[in-house]
Amino acid sequence: MSEMKDLPDRLRAVMEALAEHEDSLSDDEVLSDVAAAGVDAQAEAERVRNVLLGAVRKHKRSRLDRAEEEHRHEVAQIAAAAVRLPTTPMARRARLQRAVERAPRLRESLTLQFRGLESISDEDVESALRQLQHLGLLDDEPDER
Amino acid sequence: MTSKNPPADDIATEAEVEAAIRSLSTVELVRLGRSGERWAACLRVRGLGMDGDDLLQLAIERTLNGKRKWPKKVKLVTHLMQTMSSIASHPRKKHDAVRVSDDVGRDADLSRVPSPFGPPNPGPEVDAAAREQLDRLEDRFASDDEVGLVIEELSNQKTGPEIQRDLGISQREFETIMTRLRRGVDRKFGWRP
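Protein chains in written order, with this note's numbering: chain A, 1 to 145; chain B, 1001 to 1193.
Same shape as in the complex, but just chain B (with noise of 0.2 Å):
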């Protein structure tokens, strides 16, 4: 990625934002949709309560007062997958605080912006809500070992290329079971659990 931000003809005005939401397919609304309760999930992990429609909000709030601008080179589906992962990811990361793009296509790491939902709230609430789904999760795959294994590999952050050695099996093997896993978590706790 390159830090040197482009020509500002090249970042979507307020118009073409709305625009663009306007032309978006089907599928990508429904992508987008998916996406943002995927990410709100891991939020709601660290007891940051907040749902998908909330994430999609805040990375078109971000992307509209210029602090995630949106290069119209890039497919804004793409653009505000990209937001949201970026949205969420910051908790985790060192010091629980929020890393923020200001400029196009790079996180620029401010470190130390507070989180735009409060504080993270590990208390033992969050551990014991912790446990609770990973035993929804281990009680739904009971009788699936494959993606049992696959649950384990990905809880000690292991990627898909190191469960694929782990476990000797192809990458079409990984995503057969991935997608076991993605259509499992979805019926055992929807999409807006």
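So that you can see chain A by itself, here it is in the shape it has in the complex (with noise of 0.2 Å):
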């Protein structure tokens, strides 16, 4: 082999030309490649799968992560809205009541999360209520100005 100016450009001119080269091997010639190798086919396709299923895995999981990272970011932007609220458990209460009755559908959907108005927990009539406030359902009343 004659004398290279750019060795690493002609070893990878080489080296392309082999992985060019694997499109046009027929399967049997892959087949028989491997078997010169001393390779067990079966067991080296498993491994690849393997792989690949790994790599989908990974992609769901950061998927996953990316969404519960804007849920949380959503949550907290709720949390942190400035909000009119009435200060005492008992008139927040009374403040969702008369918004799921100007809004009937509100009514189905919290029955639905909460099982019953009259069961949910202070801290859920409150939560309710950011959220009504937050997608723009609560208006705000005379009384909490």
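No wet-lab data here; the hints were simulated from the structure. Just so it is clear, the structure is predicted and the values come from calculations on it, not from any experiment. Misleading hints may appear alongside valid ones.
[Unchecked claim] In silico DSS-like cross-links for lysine-lysine, where the CA-CA straight-line distance does not exceed 25 Å:
id	chain 1	residue 1	chain 2	residue 2
1	B	K1188	B	K1158
2	B	K1075	A	K58
3	A	K60	B	K1073
4	A	K60	B	K1067
5	A	K58	B	K1072
6	B	K1067	A	K58
7	A	K60	B	K1075
[Said to hold, decoys possible] Facing chain B, according to a computed beta carbon distance under 8 Å, are these residues of chain A, among others:
id	residue
8	L7
9	L11
10	R12
11	A17
12	A19
13	D23
14	D27
15	V34
16	A55
Built from N, CA and C at the ideal position, the CB exists for glycine as well.
Make one complex out of these two single chains by using the hints.
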């Protein structure tokens, strides 16, 4: 082989030619190469499948992590929003009651979520009010100003 | 190739990609593993430390995150091999930029996109490693003049037809020599050198 001016480039040209050549090999040639290399084709196939499926799992985890992070951010935003809610638990419960009376469909979703307005805790009442406000479904009332 | 994007329905979803992986045949999987190793070897010549599995994972990641969408009419094995080729070929392009594909069937030359493997490392140690590998290749095929000549031609970036013409050999003879080269490289360097 002649002396090369840029060894990495020229070696890479050989390796790339081999890589590109892989595409043109028939299935029989691939399996013959595997046998010639003393590799267990079945075991190698399962190993590669696991690598691919592992990459899918990693992608899913990363997507879920992003979704969770977005949810946490959203919840934090709701909690941090400057809201004007009644100051006592009883007043907040009454406020929620008025909101659902004005929008009966809210009652359905809240009933689904909490199994009945009467049974929800003070914390859930406050949380529901904050969510409604965040969604723009809670009109200001004069007594809250 | 066309730059027109296929309809969204033609693009595989995450679940379809996963199902397709599960149904890949033994020979398709082996082919993918070998292809990954071959392209990773090209990157290692440049001092980019990675192996075939890294390339396979990167190809899946790009497929799932939409940077390299998989049109379902293309076989998954073909798509992944093309994706690995595209990833591994980028650093040799001008300015060591990575050309990424953001559209199906089209390598959008975004140029200047940083390599996902970090900058190449063309220092003296890379030259030395390349020299050593070439020496090992020469040693391996010292008694096979035909393969030696093909290596010489390939290192000068000659194509298959050009080599056949230069050496006065048929395509069949060329393929036979390439098979000896391929298997010799596998024996000398292994699948995962």
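Each hint tested on the structure:
1. B/K1188 <-> B/K1158: 23 Å, holds
2. B/K1075 <-> A/K58: 23 Å, holds
3. A/K60 <-> B/K1073: Roughly 24 Å between the alpha carbons, so the hint for A/K60 and B/K1073 holds.
4. A/K60 <-> B/K1067: 16 Å, holds
5. A/K58 <-> B/K1072: Roughly 22 Å separates the two Cα atoms, so the pair holds.
6. B/K1067 <-> A/K58: 16 Å, holds
7. A/K60 <-> B/K1075: 22 Å, holds
8. L7: 4 Å, holds
9. L11: Since chain B brings a Cβ to about 5 Å from A/L11, closer than 8 Å, the hint holds.
10. R12: 4 Å, holds
11. A17: 4 Å, holds
12. A19: Since chain B brings a Cβ to about 4 Å from A/A19, closer than 8 Å, the hint holds.
13. D23: At 6 Å from the nearest chain B Cβ, A/D23 passes the 8 Å test, so the hint holds.
14. D27: 5 Å, holds
15. V34: Interface hint status for A/V34: holds (6 Å vs cutoff 8 Å).
16. A55: With Cβ-Cβ at 4 Å, under 8 Å, it holds.
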